[in-house]
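Number of protein chains: 2
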Amino acid sequence: MDMLKQRIRQEGQILSDKVLKVDSFLNHQVDTELALAIGREFARLFADKPVTKVLTVEASGIQFAMATGIALGVPFLYAKKKKAVTLAENVYSAPVHSFTRQETYQISISQKYLGPADKVLIVDDFLATGAALAGLVQIVREAGAELAGVGCVVEKSFQEGRGLLEGMGVRVHSLARIASMAPGEVHFMDDERTVQPIGETK
Amino acid sequence: MDMLKQRIRQEGQILSDKVLKVDSFLNHQVDTELALAIGREFARLFADKPVTKVLTVEASGIQFAMATGIALGVPFLYAKKKKAVTLAENVYSAPVHSFTRQETYQISISQKYLGPADKVLIVDDFLATGAALAGLVQIVREAGAELAGVGCVVEKSFQEGRGLLEGMGVRVHSLARIASMAPGEVHFMDDERTVQPIGETK
Numbered sequence: 001m002d003m004l005k006q007r008i009r010q011e012g013q014i015l016s017d018k019v020l021k022v023d024s025f026l027n028h029q030v031d032t033e034l035a036l037a038i039g040r041e042f043a044r045l046f047a048d049k050p051v052t053k054v055l056t057v058e059a060s061g062i063q064f065a066m067a068t069g070i071a072l073g074v075p076f077l078y079a080k081k082k083k084a085v086t087l088a089e090n091v092y093s094a095p096v097h098s099f100t101r102q103e104t105y106q107i108s109i110s111q112k113y114l115g116p117a118d119k120v121l122i123v124d125d126f127l128a129t130g131a132a133l134a135g136l137v138q139i140v141r142e143a144g145a146e147l148a149g150v151g152c153v154v155e156k157s158f159q160e161g162r163g164l165l166e167g168m169g170v171r172v173h174s175l176a177r178i179a180s181m182a183p184g185e186v187h188f189m190d191d192e193r194t195v196q197p198i199g200e201t202k
Numbered sequence: 001m002d003m004l005k006q007r008i009r010q011e012g013q014i015l016s017d018k019v020l021k022v023d024s025f026l027n028h029q030v031d032t033e034l035a036l037a038i039g040r041e042f043a044r045l046f047a048d049k050p051v052t053k054v055l056t057v058e059a060s061g062i063q064f065a066m067a068t069g070i071a072l073g074v075p076f077l078y079a080k081k082k083k084a085v086t087l088a089e090n091v092y093s094a095p096v097h098s099f100t101r102q103e104t105y106q107i108s109i110s111q112k113y114l115g116p117a118d119k120v121l122i123v124d125d126f127l128a129t130g131a132a133l134a135g136l137v138q139i140v141r142e143a144g145a146e147l148a149g150v151g152c153v154v155e156k157s158f159q160e161g162r163g164l165l166e167g168m169g170v171r172v173h174s175l176a177r178i179a180s181m182a183p184g185e186v187h188f189m190d191d192e193r194t195v196q197p198i199g200e201t202k
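Going down the list, the protein sequences come from chains A and B. Just so you know, we're using UniProt numbering here: the first sequence kicks off at 1 and counts up by one. Just so you know, we're using UniProt numbering here: the second sequence kicks off at 1 and counts up by one.
Check before you lean on any hint, since a few could be wrong.
Distance windows between CB atoms, simulated [claimed, not checked]: (1) B:18 <-> A:168: 41 to 47 Å; (2) A:3 <-> B:18: 43 to 49 Å; (3) A:187 <-> B:73: 32 to 38 Å; (4) A:182 <-> B:18: 50 to 56 Å; (5) A:166 <-> B:185: 47 to 53 Å.
Hints listed in this document are in silico derivations from the structure and should not be mistaken for laboratory results. We put the CB at the ideal spot given by N, CA and C, even for glycine.
Please model the entire structure based on the sequences and the hints provided.
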């Protein structure tokens, strides 16, 4: 998604070879037009799959789940994060380890809003270790819902997240895949669509 | 906003005379069409004020800030919540006491994204004690930005939030004002627009 990569090149702050800040347009201040375009792109990439609900995790996935829900004409659902290990009743829940914060938290979804009739598209802002997304995949499966796949806005392709999700049998599309970065420079991988033969869907 | 009140009557779960759950359509699962309509209504209510940026606080304000940003064609910004009392550099910050959780947290906004050139509309899902919204107002004023006002989706009018904000000189519009409630019944106040003389703006 060229518009997104251009913004990352122009406005992204690369603090180290692992830390990219995009808080001027994606996840603190949000460019609503860009967010809507991201939602339309996820809808396009998963157009071959019926989707009844978009799923994300609070907080920074919400704007992209909303945009994708708008593009698809379906509701979205966001998992809540809690430190408490005590499980509430009637929720699907999964533990997520945050390597950044060195702590484990729980993500949870009310069982009322996810079930075998749902066809779910998971979206999030970043794919890095994939821990939170793997937790969402686990919840979708526990609910007996069908998983269309995972859409990520920015993928740090040098981290293990995509491998983790693909190893779970999940189809992943990311809109900007960063092969490597260092302060002052960012290298993107080719878009999947330009690598894949025309007409192929995974 | 009749559509909203109808959904609250139909789907809201009133757990006590103070606790209303609307997580089937507003703040866990989100009806994207309704959220967009809410954004359009905030845009309409503040149409007499120029707005350059919508402001909210994570997580459950994000979908309404996004919808309002879409309706107004402006970006939105969400304050981050942190337990840490240590202040990061270059942020505007305010303490917020949560009566529900009996703890005080900090909300903060990067100074890069708010300044004297901004005309800000604050939105959130609930107005109850008004603590988080008062913190956002304080941040807007610290930044030297102009405040158009505060828009809330659901107001618990029997709590002190509106009084607190109006006491700070803030114009408040809420889309559903609950005068009182108890399990099985909810009583709304009249819409402000039907109470105010036509053409009046506060």
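Here is how each hint holds up against the structure:
no. : hint                        : in the structure
1   : B:18 <-> A:168: 41 to 47 Å  : holds (42 Å)
2   : A:3 <-> B:18: 43 to 49 Å    : holds (46 Å)
3   : A:187 <-> B:73: 32 to 38 Å  : holds (34 Å)
4   : A:182 <-> B:18: 50 to 56 Å  : holds (53 Å)
5   : A:166 <-> B:185: 47 to 53 Å : holds (51 Å)
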